[in-house]
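Undergrad: Read off the chains here:
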Amino acid sequence: MLKLEKRPQPSRLWTWVTPILAVVITMLAGGALFAALGQDPVEAISTIFWQPLFGEFAFYYRPQLLIKGAPLVLIAIGLSLGFRAGIWNIGAEGQYIVGALAGAGVGLAFYPTESWVIFPLMVLAGAIGGWVWGTIPALLKLKFGTNEILVSLMLVYVAEQLLAAMALGLMKNPEGRGFPGSRNFRQYESAHNAELITGTGMHWGVVAAMIAVILAYVLLSRHILGYHIRLAGQAPKAARFAGVRSARLILFCLGTSGALAGLAGMFEVSGPAGQVSIDFNVGYGFTAIIVAFLGRLHPLGILLAGTLLALTYIGGELAQSNMGLPAAAIQLFQGMLLFFLLAVDVLTNFRVRLSRPEVA
Amino acid sequence: MMILSSIDPVLLLASLMVASTPILLAALGELVVERAGVLNLGVEGMMITGAICGFAMAVNTGSPLVGFIAAAAGGAVLALLFALLTQFALANQVASGLALTLFGLGLSSLLGQGYVGIKPPPTARLDLPILSDLPLVGRVLFSHDLMVYFALALVALVWALLKYTRAGLILRAVGENHEAAHALGYKVVRIRILAILFGGACAGLGGAYLSLVRVPQWTEGMTSGAGWIALALVVFASWKAGRVLLGAWLFGGVSVLQLNLQAAGLAIPVEYLSMSPYLITILVLVIMSADKSRAPASLGRIFHASQ
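Sequences listed follow chains A and B, in order. Under this note's numbering, the residue at position 83 of the first sequence is numbered 83, and the numbers go up by one with no gaps. Under this note's numbering, the residue at position 129 of the second sequence is numbered 489, and the numbers go up by one with no gaps.
Hints should not be assumed to be uniformly reliable.
Mimicking DMTMM-like on lysine to aspartate or glutamate, the simulated pairs with C-alpha atoms at most 20 Å apart in a straight line are [what the hints assert, rightly or not]:
id: 1; chain 1: A; residue 1: LYS172; chain 2: A; residue 2: GLU195
id: 2; chain 1: B; residue 1: LYS600; chain 2: B; residue 2: GLU536
id: 3; chain 1: A; residue 1: LYS172; chain 2: B; residue 2: GLU631
id: 4; chain 1: B; residue 1: LYS479; chain 2: B; residue 2: GLU580
id: 5; chain 1: A; residue 1: LYS3; chain 2: B; residue 2: GLU536
id: 6; chain 1: B; residue 1: LYS547; chain 2: A; residue 2: GLU189
id: 7; chain 1: A; residue 1: LYS6; chain 2: B; residue 2: ASP505
id: 8; chain 1: B; residue 1: LYS547; chain 2: B; residue 2: GLU536
id: 9; chain 1: B; residue 1: LYS479; chain 2: B; residue 2: ASP505
id: 10; chain 1: B; residue 1: LYS523; chain 2: B; residue 2: GLU536
id: 11; chain 1: A; residue 1: LYS172; chain 2: A; residue 2: ASP279
Since the hints were derived computationally from the structure, they do not count as laboratory data. Quick caveat: nothing in here was measured; it's all calculated off a predicted structure.
Let the hints inform the model, and build the full structure from the sequences given.
TA: Next up, the structure:
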């Protein structure tokens, strides 16, 4: 009989082996899934993971890796801070939308003035928008003891309705011949989050994601606040005795993750998406949860995991157009990844031992 | 006032009963799961999986009953994955629940590919000779489909089971203090798995009620947060079956009222009205969350017998 024995400390080796193991198992299970859908499993997997990087049209897809990876990494970095401390912000999608609306709103308000201050102001507005949306569940939790999971998630649906109202109302392009959606930022130079180096996909959002990774790394390994975050997650009682103020931690974690998600939304709407439209958000806020866990809540891990998940988005689109694989299959694939990761994680925290059945 | 007078209160009450049924079923299942000390945040995923399983089977067999059975089975199978993760692999329950929701949303839209734009077979309505024809009461109470009454019966059943039976007592003991329950010789893991499966089946039924009766058709992501509202409902109900019913009626009432206001052409844009169920959920959480003492003491904690 198999028996689980708790390790005194999570295994350092398995901490980093399990994500890789989970990816491999997901590829196998995904292959089986694609075979069940009547596709060649090897071709499907290679279309998703190989073609975008090394295939014939890799020159087109490689820049996409930065474009799709940046928002995922930016959001996941923020989420990981809270997840480490046991503060669960799962409403990043909403904070992403509100950040985008705030940033775009500032940009549109200045139209058609051209000035270098406009874009920095939009960035600031995006961060503040996301921060506000993330701070609501924090304040309600502190004041009334509400569950931040439920409140932050409810605010996603509120944000989606707000987005629809804006795209169809206040922010609608007055010269858009009645079509929903705002002015396109590509035609408004001061507010456009343009490619920094042509053909690389590099834009300000990618820069922000890199800075976030570095700052999070420094915060968690060098700063007292990062230490408090880790302590609160691993030993809540010890944290209380050590004088960690949980209220401050809750406000910081939810606010920061909100601000980062808001930034991601702002960079997306003013760059790759180009305009405020009803469905410019494609679920990065939820996929970022997978990124955070797959990256072991570690900044560098998140960087790798974000790149991998970005690859599944790109490869998924490729498989959709080349092989007619349904878009939902990729969503399922991403969900499976988190599942298998959680399942194999048992090896990190427990030792598996063979033992004879006990005598009763 | 013109607008309010165009809303028929009898019709409103009648549709309130229908609108509250999906979240009532899902919340009731989650209530049992949480009373056993497990927090399953995957209600949304199990609901939507139930919605498509039920829809597909009902369309293929022509029988809504088969559809509902398939929905319960679909929800339970998904719940089994959660049970394996949390009870055997001892994974974090919050993360596992989120995984279940993400997985369920993907799975359902994959399964639902060929079912968009199809009408499901109609679910039979209760038609009692005299009662259903009564002027007011007949319309509100005695002319719904059978699932409405099934859900109400289930509320009574769960309430009585938790309050008066030995099985209910054991379930509560496991939820309040799993170490003590284990020491008394109760199979903590087995009891929790059964509760999780029950919760999944209920969520599946709630989802199928949406796709087969309430809407009735299949669209991707059609539960749009109903599963999360069901989770909030359990908090609202202070983990009591009777109050889940009350809460479900409240939410059903709000969603029906806002739909009626949309149809009546109120000057407020539709999007702001559509926000109201979610805002009310937050408001209710704010009012109800002050007293945490009623939550099962072992809720969300991992149980491992060797410790």
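Undergrad: Now tell me if each hint is right for this structure.
TA: Structure-based check of each hint:
With a C-alpha separation of about 25 Å, the suggested pairing of LYS172 (chain A) with GLU195 (chain A) is violated against the 20 Å cut-off. Among the hinted pairs, LYS600 (chain B) with GLU536 (chain B) is consistent with the structure: their alpha-carbon atoms are about 14 Å apart, no more than 20 Å. For the suggested pair LYS172 (chain A) and GLU631 (chain B), the alpha carbons sit about 15 Å apart, so the restraint of at most 20 Å is met. Between LYS479 (chain B) and GLU580 (chain B) the alpha-carbon distance is near 15 Å, which keeps this suggested pair within the 20 Å criterion.
For the hint linking LYS3 (chain A) to GLU536 (chain B), the alpha-carbon distance of about 26 Å lies beyond 20 Å, and the restraint is violated. Simply put, LYS547 (chain B) and GLU189 (chain A) have alpha-carbon atoms about 66 Å apart, too far for the 20 Å limit, and the pair is violated. With a CA separation close to 51 Å, the supplied pair LYS6 (chain A) and ASP505 (chain B) exceeds the 20 Å bound. For the suggested pair LYS547 (chain B) and GLU536 (chain B), the alpha carbons sit about 14 Å apart, so the restraint of at most 20 Å is met.
For the suggested pair LYS479 (chain B) and ASP505 (chain B), the alpha carbons sit about 17 Å apart, so the restraint of at most 20 Å is met. For the hint pairing LYS523 (chain B) with GLU536 (chain B), the CA-to-CA distance comes to about 15 Å; that is within 20 Å, so the pair holds. Our distance criterion of 20 Å between C-alpha atoms is met by LYS172 (chain A) and ASP279 (chain A), whose separation comes to about 14 Å.
Hints 1, 5, 6, 7 from the earlier list are contradicted by this structure; the remaining hints agree with it.
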